[in-house]
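Undergrad: Residue numbers (the numbering used here), protein chains in the order written: chain Y, 1 to 323; chain L, 1001 to 1323; chain G, 2001 to 2323.
I should point out that these hints are in silico values taken from the structure, not numbers from a laboratory. Careful: at least some of the hints might be erroneous.
Derived coverage of chain G by chain L (criterion: at least 3 residues anywhere in the stretch with Cβ under 8 angstroms from a Cβ of chain L; other residues may be distant) [claimed, not checked]:
#1 2078 to 2090
#2 2104 to 2117
From chain Y, some residues computed to sit far from chain L (all C-beta separations above 10 angstroms) [said to hold, decoys possible]:
#3 His32
#4 Ala42
#5 Ala193
#6 Met208
#7 Glu221
We put the beta carbon where it would ideally sit given N, CA and C, even for glycine.
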Amino acid sequence: MPAAKPAEQLRSDGSLRHLLTLEGLPRATLEHLLERASHFVAPLGQMPSRNAALHGKTVAIMFAEPSTRTRVSFELATHRLGADVINIEVQLSSRLKGESVLDTVATLESMHVDAFILRDADAGVPDLVAGHVASHVSVLSGGAGSHAHPTQGLLDALTVRRAKGRIEGLSIAIVGDVRHSRVARSAAQAFTALGAGDVRIVAPPALMPDAGEFIGCSRHESLASGITGADVVMMLRIQKERMAAAAIPDEAHYFAEWGLTRERLRLAAADAIVMHPQPMNRGVEIASDVADGPQSVIRDQVRHGVAVRMAVLETVLLRGDQP
Amino acid sequence: MPAAKPAEQLRSDGSLRHLLTLEGLPRATLEHLLERASHFVAPLGQMPSRNAALHGKTVAIMFAEPSTRTRVSFELATHRLGADVINIEVQLSSRLKGESVLDTVATLESMHVDAFILRDADAGVPDLVAGHVASHVSVLSGGAGSHAHPTQGLLDALTVRRAKGRIEGLSIAIVGDVRHSRVARSAAQAFTALGAGDVRIVAPPALMPDAGEFIGCSRHESLASGITGADVVMMLRIQKERMAAAAIPDEAHYFAEWGLTRERLRLAAADAIVMHPQPMNRGVEIASDVADGPQSVIRDQVRHGVAVRMAVLETVLLRGDQP
Amino acid sequence: MPAAKPAEQLRSDGSLRHLLTLEGLPRATLEHLLERASHFVAPLGQMPSRNAALHGKTVAIMFAEPSTRTRVSFELATHRLGADVINIEVQLSSRLKGESVLDTVATLESMHVDAFILRDADAGVPDLVAGHVASHVSVLSGGAGSHAHPTQGLLDALTVRRAKGRIEGLSIAIVGDVRHSRVARSAAQAFTALGAGDVRIVAPPALMPDAGEFIGCSRHESLASGITGADVVMMLRIQKERMAAAAIPDEAHYFAEWGLTRERLRLAAADAIVMHPQPMNRGVEIASDVADGPQSVIRDQVRHGVAVRMAVLETVLLRGDQP
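The whole structure should be built from the sequences, with the hints applied where relevant.
TA: Now the structure itself:
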């Protein structure tokens, strides 16, 4: 695949066209998206927000990595704004490398697809596509390699803001396999841009990101140090093969050293909230009674995910009609 | 998977919340569903019934067993009531055992899914889920193990009622592999509750259910005995591996002994109807000329299936909005 | 599978009921479809045409061969006319041979499906189904074996007409593996019926169709001879296994002899247009700079594909409501 230069996410008038990464987005853009998303949040048991703002638009969801959660979240967000959805299960990375993914996208563009939502293990795919679509078309990343998951970062920011009333000045710990996590990268970028006081990277040395990344974040190599006094504790999913890299023999050892238990959670602020992007490994990175406990906002994150994706789709697609 | 205690299907005011089994449902509930379903039945060649009663609702269809027929029937029923449908192909039994199916369902619930339609080879899955969802959420079984297939039982009852004008007093033969059939269980429960005169279980000894089941039904170990004078002959699909258990060497031998032919059908009442839940093994449990013959109501069963599923979705979901 | 006799595509009043092949269709029918399709064409960057003409109708898309492009094109066409779509991924050829595909179709028909769109490697499947559905139901071929791909032929005709203003009298070269191409067959039938002056079949001898086919077309065994002076150059996709049959050792050799380059394109008329049904093998049957060059109308073909499918669906389904 050609080396992807970062595609320009903003139009010349400063409006949002693509959403590929939160890195470098103006704070005003982030604030706008969170405010729009807030309008779309509805309590469970009530009808979800919906309108016909995107009636007549067509959105293609092309996921090369399986993800029921994120795919369904984007699909419901699109339905609830009145647009048509096309689901395309592709092996972008293997089958559609380089030019041929561009042919597929060009084909769909010719069928009046207005936005592409792409997920791929290869971080460059959404950027590559964004660099080639027509000027009226938008590209959204649904998660790209270990690089970026911008709508997840936004939903994490929305969840903190709604739970704590603000992001400014908060201490936020991101715990686990930070090195390989697109969730961690996008969340840290959002928290930093929105004025968090102390964003803490908490990871075993082998899973700590390189020094040039997570600029402005503090680093902690023990769970206790990392979460003490934190207002927000965000746990990451750990994969078995990554434990080996960190010289952790098995899930039980990982839980013993890095699992968030009720006891350890007492180190955080008394009103700290607990987050997890899911899917969870219960009993590995998080104890079940913490995941389901009173400080957990994990289900709110999911609910906010639909609202954030509605806000992003509305923002990029409605602007597209303006002269 | 935790042992599933039967979930309560009715709300405290007696309204239907879940539909997991027909066993124990009040006759008034069955009658209400059949009456509503009758309103939704339309002749072929005319437009199907549709309305916007469930506009704004979201229904997730999660089938772990492949079933084009039942999945499409539920999907069309949902569309025709104006609700959004999310199709999720899962391996509930293998991948999502125990807690993790509950995490997946909780995630979808957080995205404002109002009803889950679950099909699984494991009879306990729909009950398990129904025991854990929020109070405004409904769970419908789309077929669970050999235990229950309640919407199939309802469509069978609707088909008999519309073809014969009544169920009260009729002789209804259910023929074939009754032992392993969720269709037989749900149908027999419906017919019995609605006052059928004689529900006959007709099966080779090896495929006869245990004595504690099908209470109130008569039992017949030959086809001739079982269908003589019957008003309704419902044939079941036989699977090859089950023939072996019944010491029947092959499909030809099964057909010779248990297949419904035109000759044998003359043993039933002159105006008897023939039913089959499909997919059919033509030339095994049923002769093609019977399946397509004048006494067959097999295609009506399919048509009534959509109507029954509309009635069930409307009943459980509209009530959910009431205080 | 039973030998399929060609199903009658027209109703007794001459209106179009099925679309299985363009062969033998009256020119007036073709003209009507192209005119309706023209109404549905919209420029990229504008909203696509849509209306609610088919609201309440249900269309089942059953593709046994994978084809994102054609499936999505039919799906969007259906959505944009307001009908419901059911996607069924089937192995028609392997799993549903003979009677059982008919049982599946009969089942869906009983659920008020109004039209079936079928794609299969077996050329006889759409005809077989068309011969068995109820009189109010329509069957459209989405591509059948190497036999027919009628909506592709229509979109090719629409593209030529819109690019050149007419089809009458044009020289149109169809180049490559004509022998195995359903695209070539349907396109040649459309061009011939609509009065093209010279439809040229251009292929290596091993990939040339039998003498009894492509009646009225001229035949050329070299690219230079075939495209010289042509107004339209339509390149076909070549498959590796077919090169071997033509004694062409590899893709590079194919390109050297049969690939359309800028230099070779100068042999055609100065205002010739270049077409390709996609997916393209860039650098095999067509050079990238030709595919993306100023004479290419390949992306228009895709856009016209949705419009043509809307015209076909509208034509067959709205007539179905008439007495």
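Undergrad: Please go over all the hints and tell whether each is borne out by the structure.
TA: Taking the hints in turn, this is what the structure says about them:
1. For the stretch 2078 to 2090 of chain G, the stated coverage by chain L is satisfied: 4 residues place a CB nearer than 8 angstroms to a CB of that chain, which reaches the threshold of 3.
2. Look at the stretch 2104 to 2117 of chain G against chain L: 8 of its residues bring a Cβ nearer than 8 angstroms to a Cβ of that chain, three or more, so the hint holds.
3. Here histidine 32 of chain Y stays apart from chain L, with its beta-carbon at least about 23 angstroms from theirs, past the 10 angstroms limit.
4. Under the 10 angstroms C-beta cut-off, the non-interface status given to alanine 42 of chain Y relative to chain L is violated; the minimum distance is some 7 angstroms.
5. Look at alanine 193 of chain Y: its CB is around 26 angstroms from the nearest CB on chain L, clear of 10 angstroms, so calling it non-interface holds up.
6. Distance check for methionine 208 of chain Y against chain L: the nearest CB is about 28 angstroms away, which clears 10 angstroms, and the non-interface claim stands.
7. Its beta-carbon lying about 30 angstroms from the closest one in chain L, glutamate 221 of chain Y satisfies the requirement of being farther than 10 angstroms from that chain.
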